[in-house]
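Colleague: Can you build the whole structure from these sequences, using the hints too?
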Amino acid sequence: MLDFYIIDDKQIKPDFPEKAGLVFAGQLDEKTFSNLRQKGIIARRFDYYTDFRLDTALIKQIQQIILNKELQIDTDIKSFIQILDIASNKQSGLIAYSD
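To convert, note that position 75 of the sequence shown is 75 in our numbering; the numbers rise steadily by one, no gaps.
Incorrect hints may appear among the rest.
[Claimed, not checked] Here are the simulated DSS-like cross-link-like pairs (lysine-lysine), alpha carbons at most 27 Å apart as the crow flies:
#1 Lys-39 <-> Lys-19
#2 Lys-90 <-> Lys-69
#3 Lys-10 <-> Lys-31
#4 Lys-31 <-> Lys-69
#5 Lys-19 <-> Lys-90
#6 Lys-78 <-> Lys-39
#7 Lys-10 <-> Lys-60
#8 Lys-60 <-> Lys-78
#9 Lys-39 <-> Lys-69
#10 Lys-10 <-> Lys-69
#11 Lys-90 <-> Lys-10
[To be verified] With beta-carbon atoms standing in for the labels, derived distance ranges:
#12 Ile-65 <-> Gly-21: 15 to 21 Å
#13 Lys-69 <-> Asp-47: 18 to 24 Å
#14 Asp-15 <-> Lys-69: 34 to 40 Å
#15 Lys-39 <-> Lys-10: 26 to 32 Å
#16 Lys-78 <-> Leu-58: 15 to 21 Å
These aren't lab readings, by the way, just hints derived from the structure by calculation. Quick reminder that beta carbons are idealized off the backbone N, C-alpha and C, glycines included.
Modeller: This is the structure in structure tokens:
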């Protein structure tokens, strides 16, 4: 699974999210992640097996892409929207850890 945690854009990447006190935002399985990449929601530069960050600006951009493509009701998108909304509501970015 790919685990997403809330992180401030300026915070240094911790080695272990639990030790840094990061708040868990949700997770995606490999199939859903792959589907999101194929649909153009997650950029190809992000890899399921490599940790990565989404800053607040990129989160807003992804949310706009979802709206523009009218994909809000897509099953794969719904699970990712929940994660994005948690970060947006906290005005923070996300960091993804592959386990």
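Colleague: Now look at each hint and say whether the structure bears it out.
Modeller: Here is how each hint holds up against the structure:
1. Lys-39 <-> Lys-19: violated (34 Å)
2. Lys-90 <-> Lys-69: Holds, at roughly 25 Å.
3. Lys-10 <-> Lys-31: violated (30 Å)
4. Lys-31 <-> Lys-69: Holds, at about 20 Å.
5. Lys-19 <-> Lys-90: holds (20 Å)
6. Lys-78 <-> Lys-39: Judged against 27 Å, a Cα distance of about 13 Å means the pair holds.
7. Lys-10 <-> Lys-60: With Cα atoms ~17 Å apart, Lys-10 and Lys-60 stay inside 27 Å; holds.
8. Lys-60 <-> Lys-78: Holds: Lys-60 and Lys-78 sit about 16 Å apart, inside 27 Å.
9. Lys-39 <-> Lys-69: holds (10 Å)
10. Lys-10 <-> Lys-69: violated (30 Å)
11. Lys-90 <-> Lys-10: With a Cα-Cα distance of about 14 Å, the restraint between Lys-90 and Lys-10 holds, given a limit of 27 Å.
12. Ile-65 <-> Gly-21: 15 to 21 Å: About 31 Å separates the Cβ atoms of Ile-65 and Gly-21, which means 15 to 21 Å is violated.
13. Lys-69 <-> Asp-47: 18 to 24 Å: holds (22 Å)
14. Asp-15 <-> Lys-69: 34 to 40 Å: holds (36 Å)
15. Lys-39 <-> Lys-10: 26 to 32 Å: 30 Å Cβ-Cβ, so the 26 to 32 Å window holds.
16. Lys-78 <-> Leu-58: 15 to 21 Å: Taking Cβ atoms as reference, Lys-78 and Leu-58 lie about 19 Å apart, which means the hint holds.
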